[in-house]
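Peer 1: Listed below, chain by chain, are the residues.
4 protein chains.
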Amino acid sequence: MRRNPEPVSTNRLEAFSDGVIAVAITLLVLNLAVPQPGRTQLSHALATKWPSYAAYVVSFATIGIIWVNHHAMVSRLREADHVILILNLLLLMTIGVLPFATSLMAAYLKQSSGESLAAAIYAGAFLLMSIAFATMNRHILLTKAHLLAPELSESRRRQILARSLTGLVPYVIATPLALVSPYVTLAICGAVAAFYALPLASGG
Amino acid sequence: MRRNPEPVSTNRLEAFSDGVIAVAITLLVLNLAVPQPGRTQLSHALATKWPSYAAYVVSFATIGIIWVNHHAMVSRLREADHVILILNLLLLMTIGVLPFATSLMAAYLKQSSGESLAAAIYAGAFLLMSIAFATMNRHILLTKAHLLAPELSESRRRQILARSLTGLVPYVIATPLALVSPYVTLAICGAVAAFYALPLASGG
Amino acid sequence: MRRNPEPVSTNRLEAFSDGVIAVAITLLVLNLAVPQPGRTQLSHALATKWPSYAAYVVSFATIGIIWVNHHAMVSRLREADHVILILNLLLLMTIGVLPFATSLMAAYLKQSSGESLAAAIYAGAFLLMSIAFATMNRHILLTKAHLLAPELSESRRRQILARSLTGLVPYVIATPLALVSPYVTLAICGAVAAFYALPLASGG
Amino acid sequence: MRRNPEPVSTNRLEAFSDGVIAVAITLLVLNLAVPQPGRTQLSHALATKWPSYAAYVVSFATIGIIWVNHHAMVSRLREADHVILILNLLLLMTIGVLPFATSLMAAYLKQSSGESLAAAIYAGAFLLMSIAFATMNRHILLTKAHLLAPELSESRRRQILARSLTGLVPYVIATPLALVSPYVTLAICGAVAAFYALPLASGG
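Chains as they are written, first to last, in the numbering used here: chain A, 1 to 204; chain B, 1 to 204; chain C, 1 to 204; chain D, 1 to 204.
In case anyone wonders, no lab produced these hints; they're calculated from the structure. Glycine included, every Cβ here is placed at the ideal spot set by N, Cα and C. There could be a bad hint or two in this list.
[What the hints assert, rightly or not] Quick look at which bits of chain A chain D covers, simulated, 3 or more residues with Cβ under 8 Å: (1) 105 to 116; (2) 179 to 191.
[Stated by the list, open to error] With a straight-line Cα cutoff of 30 Å, these simulated DSSO-like cross-link-like pairs (lysine-lysine) come out: (3) D:Lys110 x D:Lys49; (4) D:Lys49 x C:Lys49; (5) B:Lys49 x C:Lys144; (6) B:Lys49 x A:Lys49; (7) D:Lys110 x A:Lys49; (8) A:Lys110 x D:Lys144.
[Claimed, not checked] Residues from chain A that keep clear of chain B, each with C-beta distances beyond 10 Å, as calculated: (9) Val8; (10) Asp18; (11) Gln36; (12) Leu42; (13) Thr48; (14) Ala54; (15) Tyr56; (16) Val83; (17) Ala149; (18) Arg156; (19) Arg158; (20) Val172.
When you get a sec, could you build the whole thing from the sequences and use the hints?
Peer 2: Here is the structure:
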């Protein structure tokens with residue numbers, strides 16, 4: 001292996017990121033287990049699994065939105081460099097772990113033990129992902145402003161970054177609230193995803 | 001996380017959608033379980049699993065056709081916007097859930113309990129996907145007609161949309177028919193997929 | 001859903017096919033199971049799993065080569081049409097099933113019952129894939145010659161097609177030979193993959 | 001199947017490689033198992049699984065870096081040929097096997113039997129991958145220098161290759177050291193990944 005000092009086109013950065021995000025979002029379905037036939041009534045067995053469906057929808061929506069934001073972040077770049085590639089890998093690592101956090105949340109939400117920890121890990125994983133995203137965005141907007149195309153004024157760049165940081169807030173709140181109730185944590189995470197999809201309601 | 005108000009090229013929308021659809025269609029194979037050696041004769045064990053193969057073929061063909069249609073829908077767009085991205089995510093979410101619905105159908109088709117519910121969920125998942133597709137298509141063709149390239153007359157746009165809506169009909173019928181027989185539901189879903197591949201028979 | 005009568009660029013056909021083939025080839029690794037700690041010695045447990053490794057290598061190489069050939073086939077096309085998309089889906093369906101056939105082969109190769117059937121299914125799956133490939137190639141080269149770019153003489157097109165058909169022969173032989181010995185079947189499949197990689201030996 | 005003698009654009013080589021690497025890196029998450037509810041305390045159950053997290057991070061980072069390097073290697077090429085495609089497939093095969101090696105490492109790291117073998121296989125898999133990478137790089141830089149764009153002087157090419165070969169060294173050391181301690185092996189592999197991400201610390 002070797003370090004890569006040359007500038008890098010953003011095309012393949014996008015292609016690889018799209019691949020990882022697409023696989024992670026689709027692997028979420030493995031979290032939905034088929035109840036074994038003949039044990040209990042299927043309708044009952046499926047109904048008791050509602051945390052799996054809720055966690056699936058919230059995680060799918062959240063990963064989907066991070067993809068939309070990733071797209072916007074990278075599309076501002078004329079080219080990438082080694083640091084951007086590494087920060088992108090860190091972001092992808094936090095996204096890649098989400099199917100596990102989702103399974104954990106789904107398995108423990110209704111349990112009487114471990115449910116708070118599972119929910120804290122779930123929201124904590126989203127928080128980690130948001131931090132990785134904001135870190136990459138900060139590096140691009142502040143340190144590597146010369147790689148942006150078209151150029152952006154500093155106030156505009158700080159405005160974009162501020163929005164990235166605002167996105168952390170709900171997860172900062174949702175993570176410790178898991179101690180109060182894992183349902184509240186799940187609800188906050190779901191509300192965040194719904195909020196970002198809201199322009200939909202406005203007819204766009 | 002933040003909202004993305006800027007216009008978006010359709011390239012990465014396509015790349016991400018292709019990724020999700022490609023992963024979902026390929027994950028269907030995990031539904032085909034290898035019988036444990038030494039238990040029963042392999043030929044017998046495989047033969048009893050025919051619902052898995054039937055569900056695999058029908059789901060693969062259906063997802064494949066939705067990909068063809070997705071390609072046609074997006075290729076009409078000059079650029080995308082936030083609402084289109086969100087509607088696309090909703091469509092991808094319904095596609096992402098199909099490996100689960102397929103496993104459910106395969107596991108319950110021959111059971112004497114739960115088979116109707118499983119088949120209703122199977123056709124219902126295709127129905128949901130078709131609704132998501134028609135909703136996105138409607139939004140593009142009616143609300144965002146100015147993003148189309150080349151421009152299409154309103155009658156042409158309404159014609160395309162009508163075909164999208166026609167595609168819902170078989171699933172509207174197949175879903176409640178699961179109560180009568182899950183085999184009928186599977187047959188209808190298979191017939192829909194075969195119909196869309198039909199030009200093949202005409203020598204193209 | 002609806003039929004798509006318009007010509008289609010080959011870019012997205014390639015992107016989707018690349019996605020499916022990439023997922024299928026990478027899912028092969030799920031076939032390699034980690035022995036449970038503490039049961040038997042790890043070295044022994046891994047050694048007895050050699051059919052898994054052999055099947056992994058042969059399947060990976062075969063899918064890899066079909067990707068190379070798919071690339072060559074599609075790169076000759078100026079644009080695609082509905083029939084080509086459907087034939088491509090059929091080809092992808094036969095590729096998508098290979099992780100299952102590989103698992104089956106790996107699980108039964110050393111068994112005293114079912115090993116012939118498993119091997120016949122394994123080679124039969126490759127045969128099916130080769131038939132789907134030759135069918136698509138035949139359609140492109142003979143029926144849709146006007147979509148080729150650059151144009152190819154009929155003799156050249158028949159020559160390319162003949163090579164596609166030649167590729168079927170080893171699998172036609174390997175499939176029934178599974179009755180004699182599953183090891184012979186595996187060896188033939190492996191030899192085919194090695195043969196196509198041979199230019200490597202010539203220093204290229 | 002058939003051999004493909006024509007030159008090949010690097011676009012699809014990249015797209016396919018990106019796909020395989022993206023799937024392999026994302027499949028690593030399947031290695032993170034959700035503890036069964038109700039058995040032991042979740043915090044305890046998760047804490048005992050730390051080798052899974054460590055192996056996940058090291059493998060994710062290593063595959064990520066090989067992607068960065070693969071990108072740099074292929075971006076130097078004007079076009080590819082059959083030998084390059086085959087060498088690329090070999091490289092992808094070694095990458096595709098990493099989720100298995102990672103699972104093995106995670107499952108055995110804390111065991112009192114098999115832990116050395118598992119760690120040797122883990123570092124050995126990285127070594128194999130690095131050899132496949134260096135072989136492909138060597139072929140491109142020395143045998144196929146006429147396919148490079150822009151042209152590179154021989155000294156520059158030998159310099160790039162030397163760095164590829166340097167990358168082998170840590171794994172050559174880490175593999176036999178598994179006999180001493182699997183933790184040392186894991187630490188070396190982790191240090192290699194961290195080293196390649198280091199420019200990060202320098203502020204880029």
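Peer 1: Hint by hint, say whether it matches the structure.
Peer 2: Going through the hints against the structure:
no.: 1; hint: 105 to 116; result: holds (count 5)
no.: 2; hint: 179 to 191; result: violated (count 0)
no.: 3; hint: D:Lys110 x D:Lys49; result: holds, 9 Å
no.: 4; hint: D:Lys49 x C:Lys49; result: holds, 25 Å
no.: 5; hint: B:Lys49 x C:Lys144; result: violated, 39 Å
no.: 6; hint: B:Lys49 x A:Lys49; result: holds, 25 Å
no.: 7; hint: D:Lys110 x A:Lys49; result: violated, 34 Å
no.: 8; hint: A:Lys110 x D:Lys144; result: violated, 60 Å
no.: 9; hint: Val8; result: holds, 17 Å
no.: 10; hint: Asp18; result: violated, 5 Å
no.: 11; hint: Gln36; result: violated, 8 Å
no.: 12; hint: Leu42; result: violated, 3 Å
no.: 13; hint: Thr48; result: holds, 14 Å
no.: 14; hint: Ala54; result: holds, 13 Å
no.: 15; hint: Tyr56; result: violated, 7 Å
no.: 16; hint: Val83; result: holds, 22 Å
no.: 17; hint: Ala149; result: holds, 13 Å
no.: 18; hint: Arg156; result: holds, 12 Å
no.: 19; hint: Arg158; result: holds, 13 Å
no.: 20; hint: Val172; result: holds, 13 Å
Hint compliance for this structure: hints 2, 5, 7, 8, 10, 11, 12, 15 are not met, and every other hint is.
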